[in-house]
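Line order of the protein sequences matches chains A and B.
Under the UniProt record's numbering, the first sequence has 325 at position 325, and the numbering climbs by one with no breaks.
Under the UniProt record's numbering, the second sequence has 63 at position 63, and the numbering climbs by one with no breaks.
Since the hints were derived computationally from the structure, they do not count as laboratory data.
These figures come from a predicted structure and were not determined experimentally.
Beta carbons are placed, not taken as given, at the ideal position from N, Cα and C, and that holds for glycine.
Any given hint could turn out to be false.
Unchecked claim - Over 10 Å on every C-beta distance to chain A, these chain B residues come out as not near it, computed from the model: (1) 63; (2) 150; (3) 196.
Said to hold, decoys possible - Pulled a few chain B residues facing chain A out of the computed Cβ check, cut under 7 Å: (4) 1; (5) 33; (6) 35; (7) 44; (8) 45; (9) 62; (10) 126; (11) 127; (12) 128; (13) 132; (14) 257; (15) 261; (16) 353; (17) 374.
Number of protein chains: 2
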Amino acid sequence: LRPAQGTRDQNPARTALRDRLLAAVVACFKRHGAAAIDTPVLELRETLLGKYGEEGKLIYELQDQGGELLALRYDLTVPFARYLAMNKITNMKRYHIAKVYRRDNPAMTRGRYREFYQCDFDIAGQFDPMIPDAECLKIVHEVLSDLQLGDFLIKVNDRRILNGVFAVCGIPDSKFLPTCSTVDKLDKMPWEEVRTEMIGERGLLPEAADRIGEYVRLHGGLDLVERLLQDPRLSQNKLAKEGLGDLKLLFEYLALFGIAGEISFDLSLARGLDYYTGVIFEAVLLQPENDHVGEPVGVGSVAGGGRYDGLVGMFDPKGRKVPCVGVSIGIERIFSILEQRVEASKEKIRPTETQVLVATPQKNLVAARLKLISELWNAGVKAEMLYKKDPKLLKQLQYCEDTGIPLAAIVGEQELKDGVVKLRDVATREEVRM
Amino acid sequence: LRPAQGTRDQNPARTALRDRLLAAVVACFKRHGAAAIDTPVLELRETLLGKYGEEGKLIYELQDQGGELLALRYDLTVPFARYLAMNKITNMKRYHIAKVYRRDNPAMTRGRYREFYQCDFDIAGQFDPMIPDAECLKIVHEVLSDLQLGDFLIKVNDRRILNGVFAVCGIPDSKFLPTCSTVDKLDKMPWEEVRTEMIGERGLLPEAADRIGEYVRLHGGLDLVERLLQDPRLSQNKLAKEGLGDLKLLFEYLALFGIAGEISFDLSLARGLDYYTGVIFEAVLLQPENDHVGEPVGVGSVAGGGRYDGLVGMFDPKGRKVPCVGVSIGIERIFSILEQRVEASKEKIRPTETQVLVATPQKNLVAARLKLISELWNAGVKAEMLYKKDPKLLKQLQYCEDTGIPLAAIVGEQELKDGVVKLRDVATREEVRM
């Protein structure tokens, strides 16, 4: 007896913690003026197929039970693009928090599941360069700061710069995307292995790989952007120049937001999905070695996103494009970290919010309890009672202590006669009649 | 280009309305001390199969892509029972609000979808009779009152009474469940047609059907319960007597809650699902004929539930039972009604909560706007700005009016020089410098 592999039940304490987390994310998204939308978990298979590159093989497909061929959504971005194209919307700032599905190898301790939440914020529309892009980075910064996750680093890069790098290193267009996927592994494996994959699996020439290696191991800030703008080879490449020019503007805006110092221009950042067309970014937590509590949590990136100007056009019969940029907060990984922290701190999360337990000290008073609790509910008070006709007072008070209910409203024979209720503070044992 | 059949996208206005609705339901569930849990959308097929009776043929199954055979959850009750059995929990009050999936014939105008929300509240545990059951009915009453849906009626019955009726009418045990399904159609078709189905499809003798007909067309209150307790045939039946005795107690408790008048003991209420074992109930809205605004909304039941004492035991290797009673609020149907009402009233639902638009009256001030908006976000203020470097002031104010943003924070050359911001009330056009 168990849930499906790679999925999990959330017990009350975990659900309460997760709700607290999601509330912080929603607050940030609303602070930035986003409206919520919802799209179905089920999509037509043809809507999803061919949108994700290599990763698309992990899509869950439904059985053909007559009717349509369906699949479970793989992310919230492609359904959003379908929604925009279908409704001919050219301008929208939306957020969407919901579960997505991937037939991936689950690694539950690291917060990798087959069913997991994504928290997406996206800005669609034809706007002046880098203003929406900068806001997405600001949002990542706000969420990670609000959740007090410790130090973090936000990496940015631009697909156009990567493409420029590949071009000046002599890689044919057709190998850009697979080379991208390989470069993206640089945060998990050393350059030598990445180089081997480029040559062995991707079929690049060793010299070309070495030339790429010189670029993709660079990282820095505005200074690096400016240095590369002077790079004799890159500065000749139209795409790279565009990307570098936009990154320069982006860093100016990030400085105005006061967060440029926490953003690193990192040429190894490539991101796996095919649909990115411009700026891309990813946030990683910086955990000091000795901060591990209990099992070490190897968290990778906790947020990521980028610009995808071509996706909506793939759904439009006339190919009309709607430029988009968006960010997805990796709430499951953040949740894993916070859960471990809560466990280590022995903080007890109360999964209910009950304010009052309605109790009786004598037998045969269930009617009095039902009447009182009904009045409390009608007045909007969060109230519980034990589902026994004649529970012992001690048991009722014990229930308050076990579940953290702060007050007991006690109605006994004397109280009934006097038309009052005795209110008891469970912690201090103080009582007042009212 | 479209979503899957029987599913729909929720645009910002609808999502805002739905969130408002769900917040009211959650508030009620929390008021009654329930903790939230979450279970996966994907379940092992074997977990769901054989739990729903005839309706189970509508379960969505996933393709076999290697690994496990999975299906989409059909309701939130069976996963809850699996959760209780798996974790050996014998005592719990939980709520769960999430989407469920049925390959049913969609009827979107009546709020019938293939993907839809359920809002479930359940009490599991061995408790004194009818106290949790009465609370479930109180919750239905509170939610429908809170949402101001107009008059409604809550019908109750008891599976044991129905079984008793079938027994004293001479129906064999094996035909109880199919006869139940047929009786359940009495709210949608006249007795004559139900009778025909009983005889034709279910193979009952005409005399037996007629005898059943005498019972299932009865409805009333405590008086009817007491009359049936005196019924010469029913009072001889152990199950019926138990059920009637409990209903009597239930009505006493409902009277203490002050809601007995809105509850009708209705012997035609049967409910389709196999797992009910005791009290069952259903709420229907009473819409006066001439209250139809726009398209008439033919809503059926908007809440339902009952006692299912055997379900958890089906998952326990030793068959250990955990008695349960629960209620499910039919939020989609309620949503359809409220949506029509909002449309008719021309009320404009604001899908965002932005308080301030940061605006500039002159060109070349994008830096000033970015700096100010960043300070506002950091201070927790919900703020937006247009994603243009040099938008016209009129366009910025127009955006406020279109989206309902009440304030504009204007920073121009003069304000920058004076180190102030001009705050403008969009509706009254009043301005203050601060």
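Hints, verified against the model:
no. : hint : verdict
1   : 63   : violated, 4 Å
2   : 150  : holds, 19 Å
3   : 196  : holds, 29 Å
4   : 1    : holds, 5 Å
5   : 33   : holds, 4 Å
6   : 35   : holds, 4 Å
7   : 44   : holds, 6 Å
8   : 45   : violated, 9 Å
9   : 62   : holds, 6 Å
10  : 126  : violated, 9 Å
11  : 127  : holds, 4 Å
12  : 128  : holds, 5 Å
13  : 132  : holds, 5 Å
14  : 257  : holds, 4 Å
15  : 261  : violated, 14 Å
16  : 353  : holds, 5 Å
17  : 374  : holds, 5 Å
Hints 1, 8, 10 and 15 from the list above are not met by this structure, while the remaining hints are.
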